[in-house]
Amino acid sequence: DAGVIQSPRHEVTEMGQEVTLRCKPISGHDYLFWYRQTMMRGLELLIYFNNNVPIDDSGMPEDRFSAKMPNASFSTLKIQPSEPRDSAVYFCASSLGPPSNTEAFFGQGTRLTVV
Amino acid sequence: AQKVTQAQTEISVVEKEDVTLDCVYETRDTTYYLFWYKQPPSGELVFLIRRNSFDEQNEISGRYSWNFQKSTSSFNFTITASQVVDSAVYFCALSEPWEGGADGLTFGKGTHLIIQP
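Sequence order for the protein chains is B and R. Per the working numbering, residue 1 is the first one in the first sequence, and the count goes up by one each step. Per the working numbering, residue 1 is the first one in the second sequence, and the count goes up by one each step.
Just so you know, nobody snuck in bad clues.
Under the rule of at most 25 Å between Cα atoms (straight-line distance), these lysine to any residue pairs were calculated in the SDA-like manner:
| hint | chain 1 | residue 1 | chain 2 | residue 2 |
| --- | --- | --- | --- | --- |
| 1 | B | Lys-78 | B | Met-15 |
| 2 | R | Lys-3 | B | Thr-102 |
| 3 | R | Lys-70 | R | Ile-49 |
| 4 | R | Lys-109 | B | Thr-113 |
| 5 | R | Lys-3 | B | Arg-85 |
| 6 | R | Lys-109 | B | Met-39 |
Bear in mind the hints are in silico, worked out from the structure with no lab data behind them.
Model the full assembly from the supplied sequences, consistent with the hints where possible.
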């Protein structure tokens with residue numbers, strides 16, 4: 001398996017534009033997580049899905065952020081409109097079960113820069 | 001609430017030295033899980049270890065070892081005979097599976113380990 005695949009690897013966009021980050025989890029994994037990494041706040045959980053259903057989105061910073069998982073092999077994280085403070089590395093991770101019980105595999109991340 | 005503290009922001013040692021990365025956690029639950037992840041310069045996060053709160057046995061994997069002490073709420077990570085390839089940011093993380101909120105990982109801020117040749 002190729003592991004968790006995220007695209008794009010790098011994204012530069014202007015403030016106010018919509019940006020969509022994509023993730024393909026490892027086949028067979030029932031859990032999918034979106035994390036954000038910044039220098040100030042470190043790694044933060046934004047939202048996670050179990051069997052394509054969003055379970056907890058309490059980490060999503062604002063209504064400008066939304067995430068979907070239309071099927072077991074694809075998820076998106078959308079920011080609309082984007083702001084400079086959204087600049088960060090966004091990681092997607094997947095696991096067979098909850099991370100308390102199983103290893104979570106991370107993608108290589110998407111580095112987002114909003115100018 | 002849960003919290004993970006990695007007080008060492010950056011550590012620099014010379015190759016072949018032993019180095020210990022500290023991790024202190026806070027939780028009110030009796031059942032929880034602790035993790036270490038490595039983030040090399042390439043950016044991805046690599047899983048190293050997972051421990052549950054009922055297993056206080058120390059673990060050794062090659063040059064890596066972990067010391068879990070519930071009495072001090074610590075889960076420290078030691079690299080023996082460090083190598084340049086060990087240079088990375090290391091994250092300690094906590095998960096409380098029955099917490100009412102997210103069943104994700106709460107990460108510490110990370111320790112940047114620099115191994116000098």
